[in-house]
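Visitor: So the sequences go chain by chain: E and X. Letter by letter, the first sequence follows residues -17 to 220 of my numbering. Letter by letter, the second sequence follows residues 13 to 421 of my numbering.
There could be a bad hint or two in this list.
[Unchecked claim] Here are the simulated distance ranges between beta carbons: (1) E:T(-3) x X:N311: 31 to 41 angstroms; (2) E:G70 x X:R34: 37 to 47 angstroms; (3) X:R34 x E:S37: 52 to 62 angstroms; (4) E:A76 x X:E365: 57 to 67 angstroms; (5) E:S121 x X:N311: 35 to 45 angstroms; (6) X:N311 x E:S133: 27 to 37 angstroms; (7) X:L297 x E:H195: 55 to 65 angstroms; (8) X:R34 x E:G109: 24 to 34 angstroms; (9) X:R20 x E:H58: 37 to 47 angstroms; (10) E:S133 x X:V62: 52 to 62 angstroms; (11) E:S56 x X:R20: 39 to 49 angstroms; (12) E:S121 x X:P397: 39 to 49 angstroms; (13) X:R34 x E:D204: 45 to 55 angstroms; (14) X:L284 x E:G70: 56 to 66 angstroms.
Calculated directly from the structure, the hints in this document are not laboratory data. Beta carbons: idealized from backbone N, C-alpha and C, even for Gly.
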Amino acid sequence: MNDSPVVECTDVVRTYARGSTGRLFSRQPGTSVTAVDAVSMAVQRGELVGLAGPSGSGKSTLLHLLAALETPDSGHVQITGVDTTSMGERGRTAIRRDHVGIVFQRFHLLPSLTALQNVALPMIEQGKGKRSRRRRARSLLEDVGLGDRLSHRPAALSGGEQQRVAVARALGGNPDLVIADEPTGELDSTASEAVLDLLADVATDHAVVVASHDPMAIDRMDRVLRLRDGKLTNGQTQ
Amino acid sequence: MRGVSRLRAVTGIGLTQLRHHRTRTLLAIIGIALAVLSVTLLGGVGLGVVETGQEQFDASGRDLWVTGGPVQLAPGTVGGFENTVVDAHSVAASIDSRADVRAAVPMAYQTVYVSPTGDEWETIVGVGSGVGPAVEITNGTQFEHGDVHYANGTYTGPMTHEIIIDPRTAELLDVGVGDTIYVGGTISAARANQFEIVGVSPTFSRFLGTPSVTLHLSELQEVTGTTATDRASLITVSLHADASPETVASAIEAEYPEYTVRTNSEQLEATLERQAVLLASGGSLVVLGVLAGLTLTANLMVSVVYQQRQELAALKALGSRTSTLVGVVLIQALVLGVLGGIVGVAATLPLVELLNFAAATLVGFEDVVRTPQWLLGAGLAIAVPMSLVGSLLAGWQIALLSPEEGLQW
Chain E
-17 MNDSPVVECT DVVRTYARGS TGRLFSRQPG TSVTAVDAVS MAVQRGELVG LAGPSGSGKS
43 TLLHLLAALE TPDSGHVQIT GVDTTSMGER GRTAIRRDHV GIVFQRFHLL PSLTALQNVA
103 LPMIEQGKGK RSRRRRARSL LEDVGLGDRL SHRPAALSGG EQQRVAVARA LGGNPDLVIA
163 DEPTGELDST ASEAVLDLLA DVATDHAVVV ASHDPMAIDR MDRVLRLRDG KLTNGQTQ
Chain X
13 MRGVSRLRAV TGIGLTQLRH HRTRTLLAII GIALAVLSVT LLGGVGLGVV ETGQEQFDAS
73 GRDLWVTGGP VQLAPGTVGG FENTVVDAHS VAASIDSRAD VRAAVPMAYQ TVYVSPTGDE
133 WETIVGVGSG VGPAVEITNG TQFEHGDVHY ANGTYTGPMT HEIIIDPRTA ELLDVGVGDT
193 IYVGGTISAA RANQFEIVGV SPTFSRFLGT PSVTLHLSEL QEVTGTTATD RASLITVSLH
253 ADASPETVAS AIEAEYPEYT VRTNSEQLEA TLERQAVLLA SGGSLVVLGV LAGLTLTANL
313 MVSVVYQQRQ ELAALKALGS RTSTLVGVVL IQALVLGVLG GIVGVAATLP LVELLNFAAA
373 TLVGFEDVVR TPQWLLGAGL AIAVPMSLVG SLLAGWQIAL LSPEEGLQW
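In isolation and in its complexed conformation, chain X is listed as follows (with noise of 0.2 angstroms):
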């Protein structure tokens, strides 16, 4: 009854000194409102970026990745990227006649210069690939034809001139479906080569996360000057539903040792790992955040002990004990920690809503900042014990006081 009496009591004073220096107590929840938002929201990017490429890649109805290695840029060359899967037309042949492989399809990247008057241009990715039913068409037609152009490797096959743009690329051109634009690895390239908009589709630029224009393989390495080696940025592979995908990557990658065959999880935690360095960077400005929040509560409670060092050392002189000025300290800085906690939860929800209003305008992903309510917890779990291992230093100095201080001034 004692001890709750104390507990009472104590809680009564830790509210009225922060009721007491409102802007104050303002000001530290609001600093570990910033530190929890940290956590949420960029823990939130980290979730929605792996979430997201999982959904992406077991939307695209692919199983497999072929590839020579990491798309790298090549500046100076026409196109722009250096893809690595030589004789991309022959081996997605080869590989599309097992009997386990429902379709392999090649797949190359290069920039491309687009005009719908041929006047000024844009540099967008043009891909180069078959379309299949994983690709979603919002307006318009998938392609007609075929990769006719190919024409076994010959390239002398007709020209089907069709092309499928995003929404994006719609809105940057001012184009729709039944326009033409001029597409070309230069200039002089493009002015030579029109094409027709047959369909709308943000499939391609979903996973690249900026605008693009999609055409045949074979046409895209005309435009670009590339037919000579045939080469393409990856093929993508779909099965039967009875294949096991490890063991079909194990086939391939025997036949082609030169070439690495992922699956779609390890496609994404390449992808991840080729993105190291940011994720690490989004760990660091998390632990960063957390630090700061911590150091912000020891900064505020050492400031509240050094500002009252003499009041508190009278008390001491009064007989009350170290543990019940401590407690004092304590139970503001738990009040801070649940408040702060609140309101930086309560603010990640409509910050979230903006960055991926943001991220969708200016990059095309949808939900790229997930907060599960897991996520939300831990940034309130972590409000608490942050501001009160931040007040521990204050405590310590609460009981390095000498009580003799308060006779002192």
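So here's chain E without its partners, still in its complex pose (with noise of 0.2 angstroms):
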């Protein structure tokens, strides 16, 4: 296993503006918050780490700083060794489409698109041509036991299968991170520990975070990161 980190952030602090309406002419003041306070971790290759605490303690904050959704308002954040903070948008997109597969607590697969069509999808940004695509798109629904789902919409598919729809859309560009939020949020048990089966194969060779406040989930991770009004409880690794 390569010792440097896939992911990593040093001191990242991001605080947002809270009460302020955001209109033109709004007189109501805002109040400042803190969501993430001087967080310091990383994450290697075939890891499974999850990101643990209650509503408010600054978990999908820091989810959007790993997965260069957001930058920090200080400290660092590096994806394989790439640092985003200062990177504009179309930096990080590109970041984001090299590096990094998000899997969303409601799937967000578009529901006029086959199976196959919504993990081709992303792949398009990657310049490769159609039959390539879904080579790669069948290839990876086979992975995650959807073989016999390629042509199947969203609507026919159940919450599990969705879902494994979606990690497989993640791994389209063969990322080096994983991000999930929430993933089994949406599931039944059995669905979840599919699931969860699922992201532990993922993390054999991808460095996986999971965002989750389902015990279930976090009692399979690694390692648990627990954060608390914005900062690491137990303990910052490196």
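Take the two lone chains and join them into the complex the hints point to.
Guide: Spelled out as structure tokens, the structure:
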């Protein structure tokens, strides 16, 4: 295993204005809340890391920072050694496209597309031809156990199956880092178990970070980082 | 190669989206087709009115039109029209005597009561005029006699009691050549004046767009009680082939400054100017039709983006470019525009036939709606930019979508 972390953040702070309406001519002064407060952490390839904590503890904000969806107010985030902190939206989009896969709580599959088309969709940006995209999507769907559901639309799939399609989609660009936000939040226990098995498999050759409230999910993690009020409560890891 | 592959993929997704939402797609196509129809049909009506008017003027065999201003309705008077040319016979005779003029014919319009039996009456337009070769007789003959009742302004000559009716009047009264009808400005005057139908002609009703009867001017003046000032609505002038209409018009206007003399094209323009409000309304409807199509497309595309904003945000989070996602929307708009345009143009053709049939049946005008190929092309051409412009708002919304939104639900 390569020892250099896939994703690493150092003393990252992210503060949001709260209370301001954001409207022009608004007289209501905003207050600020620190969602992530001086967090440092790193995740290696082959690790399945959980982010746990109550609602409002900063899990989602930390995930956004790790996935280069946002930039910190201070501190640094590096993905595969590339500092994303000072990058613009376009640069971060490219980083996500090439290095990050994301699994959403509510799957977010396009209802008009089949499972195969949904998985192949993000690969358009990688310049792959149609055959190549379809071949890769088919292979990924077979890997997640949906080889017989290729032409099914999301409405014809169960929640667990949809989430497995979403995992396959996240892996389409062969990312180094997979981020999953409450991946079992919409699933029953059997489907949750299957998705967690799948993420554990994915973690054998990717770095995987899972934010979850689900104790069953947290129990399956190799390592758990607990957050409270934006701070890591079980120590920072490098 | 990479760009082509991306374009093909974007096109494929756009088409898949349209196929998946069939009802929405169908409604959008119908909406755009209606906008196209508003352009082609209203444009066709406008074009038809102008061209029909020009053809009617050309077919009239007249070169100049002498008027004292627009013919006004005069409610409460016998005849109902206020004709503005005074001493019409003598003015017409004076113009007729010019070397460059072939014929000058005074013409008046009055509303008259007509009845074949004297019991039930219809009010239709009576045309007081002589008839010439430009008047098409479809059944029977022209007037056998001249306007002898005028008798140099004394109105003491014999009444010929000849009348020519148009086919719709014939149908309305169920009469034909050889039958007699009562005609007068009042019912009592009509009961005293029985006319024999000598011919059937569609010529004047084509101009007027309404059923009409044609009799000698002096006899119309007699039965409507307007002999005192010898009034007419206008004097039509036919010129010799080598005469210039503009030159003769200037000369007549100099001699009769109280009258306006127009060439055929000027008379058509004046007619259209009097219908300016109607034409502006038609133009406004075309603009509104296009705006409605544009708004419909914008509404549809914005709805699609709103409905799928989480999925689109998720795709942005996964690294999809905004241009790719906007491309999917634009492809849908393009396809909707093309299909809506084709359906609109295809529907134009039978509807034009239907409208022309209705117009010919109701008002007697044929080919009122005309849709030359360039107008159909314009209808098709307007559909695509209309649809694309309508989708720009949706594209802008996609650009504003934050990728984090995919993680917020």
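Visitor: Broken hints, numbered, in rising order?
Guide: The structure breaks only hint 3.
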